[in-house]
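Add 114 to a position in the sequence shown, counting from 1, and you land on the number used in my numbering.
Derived by calculation from the structure, the hints in this document are not laboratory data.
Please note that the accuracy of each hint is not assured.
[Said to hold, decoys possible] Distance windows between CB atoms, simulated:
hint : residue 1 : residue 2 : range
1    : Ile138    : Gly238    : 20 to 28 Å
2    : Val164    : Leu235    : 14 to 22 Å
3    : Asn193    : Leu218    : 34 to 42 Å
4    : Thr286    : Arg200    : 14 to 22 Å
Computed from a predicted model, the values in this text were never measured in an experiment.
Just so it is clear, CB atoms sit at the ideal spot from N, CA and C, and this is done for glycine as well.
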Amino acid sequence: MLDIIWFDMPWEAIWSQDLVIASIFAMVGAAIRGLTGFGANLIWAPALVVLYGPVETVAIMGITGILSAVPVFVPAMGNVDWREIRIIIVSAFVLAPAGVMSLLYLEPDMFRRVVGGLIFLMAGLLMTGWHYEGTRSAASKIIAGGVSGYLAGFAGIGGPICALYFLSAPGTAQAQRANNTVSVSLLIPVPILSLGLSGLIGLDTVIKAFILVAPYVVGQCLGSLLFGMVPQKAFRQIVLLLLAAIGVGSMAF
115 MLDIIWFDMP
125 WEAIWSQDLV
135 IASIFAMVGA
145 AIRGLTGFGA
155 NLIWAPALVV
165 LYGPVETVAI
175 MGITGILSAV
185 PVFVPAMGNV
195 DWREIRIIIV
205 SAFVLAPAGV
215 MSLLYLEPDM
225 FRRVVGGLIF
235 LMAGLLMTGW
245 HYEGTRSAAS
255 KIIAGGVSGY
265 LAGFAGIGGP
275 ICALYFLSAP
285 GTAQAQRANN
295 TVSVSLLIPV
305 PILSLGLSGL
315 IGLDTVIKAF
325 ILVAPYVVGQ
335 CLGSLLFGMV
345 PQKAFRQIVL
355 LLLAAIGVGS
365 MAF
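Could you put the whole structure together from the sequences, leaning on the hints where they help?
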């Protein structure tokens, strides 16, 4: 059986120039995440959409995210404020399938432009330093979780919404980072489950994702090594300008 699967796989389509390009963007995005704590999917989502289309993009980012999240998820568990994140996680789980449905019905070109607009908007919000300053009520958590879940299901980019909400919370930076890490990590499997149950994730997509884990992890390690060596404020602004440029480019071309 394994021999049949092996020989029936379209290896020429998997081992292609597209995979090399995807590997480069995976490494760059992961390096930025390792250095700044955010931005991986925002960096490589536009490239993956061009290479593989919207559905496979979300699937690849999700599978890669699950496999690479373990090293950061486990240490963060000890610092999580579950009272802060549980409502957000539940509402994110509820709205994520709606995002997946939007993904399935939107034309690829329109998907690329919408994702570009979202990336540009998020880069602008992060660049200005804006964060939520209202009351931290159940309603605000439901809204933050719902928007994050919808965007995670739609394009795999729900993380920055949680980050903007958690950064405004009282408490240590360590707790804020842990809340963001755990909530986003728990959300990653939702679009994968929805796409898998719909029969939209093929074995070739899974293989591509597993291959891309290697450059992704290398990028995370490089980013972590650079942490403390690079002026964080200057680098953050450069990354945000890069994200804004990617957003504009995705909308224009």
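- Indices of hints not satisfied (ascending): none
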